[in-house]
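**Q** What follows is each chain in one-letter form.
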Amino acid sequence: MKLPTRDRIIETRSLTKRFTSNKGLFGRSVSVSAVNEVSLDIRRGETFSIVGESGCGKSTLARLLVRLLPASEGAVLYEGNDISSLSEPEMRRLRKDLQFVFQDPFSSLNPRMTVGALIEEPMKVHTSLSRKERRLKVADLLTKVGLRAAFANRYPHEFSGGQRQRIGIARALASGPKVIVGDEPVSALDVSVQAQVINLLEDLKAEFDLTLVLIAHDLAVIRHMSDRIAVMYLGEIVELAPNDPLYDKPLHPYTQALMRAIPIASPHGRSMDVSLTGDVPSPLAPPSGCRFHPRCPHATSLCGTEKPVLSDAGGARMVACHHWEKIAENSQGSVREPPRSENAEKRFALFREKSQRQEPVTAATETQIKLSERSHNNA
Amino acid sequence: MSKAIDLNATPVLSVENLALRFKGAPANIIDGISFAVRPGETLCIVGESGCGKSVTALSLMGLLPRSVAQIMSGTAMFGDRDLLELSQRAMADLRGNTISMIFQEPMTSLNPSYKIGDQIAEVVLRHKHVTRAEALQRALQMLDRVKIPAASSRLDDYPHELSGGMRQRVMIAMALANDPAVLIADEPTTALDVTIQAQIIDLIEELQKETGTALVMITHDLGVVAEIADRVCVMYAGHIVEDGPVESIFDDPQHPYTIGLMSSVPSVGPRSGRLATIGGMVPTIDHMPSGCRFTPRCPFAQANCKTSPPPLDELGPSHRAACHYAPLETAFPATVLQEAGS
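Order-wise, the sequence lines are chains A and B. Take 1 as the starting number for the first sequence in this note's numbering and just add one per residue. Take 380 as the starting number for the second sequence in this note's numbering and just add one per residue.
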């Protein structure tokens, strides 16, 4: 599945990140491979998601992709050029193309800068726009992310979580990026607000021709948004596949276990299954061989000694498991959501129809509450 | 339904018309809610942040200072006693004994400087006439029951030595150490990974089956609700907008908020177009709409919604919704909608 270089916007080759921790007062330092020999291609224009449980290294990998962290070994290629060896000024120029949206909209915006200044900052660094042009673009971006242009003069604390995430997205868009990496961009938000931000990201992706790299732990959000998905376990990619095939027939036993653990939003599908016992082992002392083998129901002695390589499984899929072919024969991890009742379907359609008609209004409504508050105060 | 619950059984906990206001606030943070839970039953209270679900739990547990959180009306009958009337001392005798609570963040709810065995034993010592050795024995037994491997060697561990999932197991062990009649769990799996969440939910269900404890589970996750609930209360801005058996809530959702909430959650099934969204955001306490509190965000809202609060009307067997226009397809036939749209 080698693609021509022009179709691959980001590639990693045996990318490894080690952190060193000091153990005890006189102890030797211990090193943890948070990301271990990860090789992947991200295609231009796709939404590529990285999923895994806490501590699997997905956020570290996201930061390595845009060099917010230096790699210990291996390489990251952006449009065919290795960015790991770039000098700081060269890297700074590249940041125009590679932007990041953080998880926590409360700590990722400088509280002492106005929203306008926050969004303007990347333009000052990366573009030669005049002050006036920048102001106009700030207003334009704020409208694009569903906020009011007048909000430019306010400070981040005046906004709700969902609004702050919109500000973070506007700031990421300001330099005119080609790639946006989002580290759990919607997981701190409430369900109804989360849906607004998911729709926004999808709209912006289409409008600005973006490549989106998403880090998330919510398998439903990933299903909804992604083209291709990489599943990580303890710093390594165990499976990489296009969206539908992965959910219809997960190949790796870890992916299967993840899928079976999803609580399905239907009382008729009470199927959540505890197929994984125990916790993720400490990355300080990862298991030998396949890192998943101590928790794997299919493990054999081979798995304890020899590390499986991520290899082609046909249908543009890759899997790192010695026994995937045997396991796949009776794959039981697929996610099936029971059909919704007629009444529920009918009312969902009604809600959708009614609220879509109001959508142009709702973007403004979100802000009306704050605005009316303002006008009261000013009056 | 997987378990048989006697619907005629007397509720162990019965909350009637509870209203609560923080000192100086212009409106009630909880505004006249009622629910009941029977032995062995699981009641899920679902809603988004700020809807008052955690405040409800804390007020029932007597964990909100009365000087700050004023009870405006209502009763919370636990057996023949009203939890809202009890003195601090009487409440302390119940708390952790016959009514107990699990919190969302197991790291901050365990004391970092005490061994977990001692922390569980303390709950037993506080309420039962036992020796320290017996209490520790009980702690060991509880760690076993929550399936902590090699429990005896874990008694002397400190919370930081345990993973998030293990800490939540310790919290559950502590909460159930005295066989409470009611367990209130406030987002017990929200901070956990999905595979660990599955383990914890499974554990809670299993223990509940063994002990017959009534469970009040507070969550924002509709998947968890579908998985564990017998009955569901949907809360919005301090009101219960809909309640009923879990099947009715999912198969026959009536309130526009319930419908909006359900359709804005992405499905794990194949993608079915854009997500529906609920416009706007949860109202702040300073700007509570009068009438139906969902009015400003409701795509179906009419003039009277702004002014008159809808009562919780019975729409099916023990299924109620607070909307003037439920069922919506009767009030808003699809054809009329299309005409109006064109």
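Keep in mind that the hints were calculated from the coordinates and are not lab data. Hints should not be assumed to be uniformly reliable.
As the list claims (entries may be wrong) - One-sided and incomplete, this derived list gives chain B residues near chain A with beta-carbon spacing under 8 Å:
1. S413
2. P444
3. A448
4. E501
5. P632
6. G695
Unchecked claim - Ranges between beta-carbon positions, derived for each pair:
7. D104/A to G652/B: 23 to 31 Å
8. D203/A to T663/B: 51 to 59 Å
9. G315/A to F401/B: 54 to 62 Å
Yeah, the Cβ is synthetic: ideal placement off N, Cα and C, and Gly gets one too.
**Q** Confirm or reject each hint.
**A** Evaluation of the provided hints:
A cut of 8 Å between beta carbons decides the hint on S413/B: the least distance to chain A is about 23 Å, and the hint is violated. Contact between P444/B and chain A, as hinted, is not supported at the beta carbon level, the nearest pair being about 26 Å apart and thus beyond 8 Å. At about 23 Å, the closest approach between the beta carbon of A448/B and any beta carbon in chain A exceeds 8 Å, and the interface hint on this residue is violated. Hint status for E501/B relative to chain A: violated, with the closest Cβ pair at about 26 Å, above 8 Å.
Because the beta carbon of P632/B sits about 6 Å from the nearest beta carbon in chain A, less than 8 Å, this interface hint is met. Checking G695/B against chain A by beta carbon gives a least distance of about 10 Å; that is not within 8 Å, so the hint is violated. Roughly 30 Å separates the CB atoms of D104/A and G652/B, a value that falls within the hinted 23 to 31 Å. The hinted window of 51 to 59 Å between D203/A and T663/B is violated, with their beta carbons roughly 28 Å apart.
Taking the beta carbon of each, G315/A and F401/B are about 57 Å apart, inside 54 to 62 Å as hinted.
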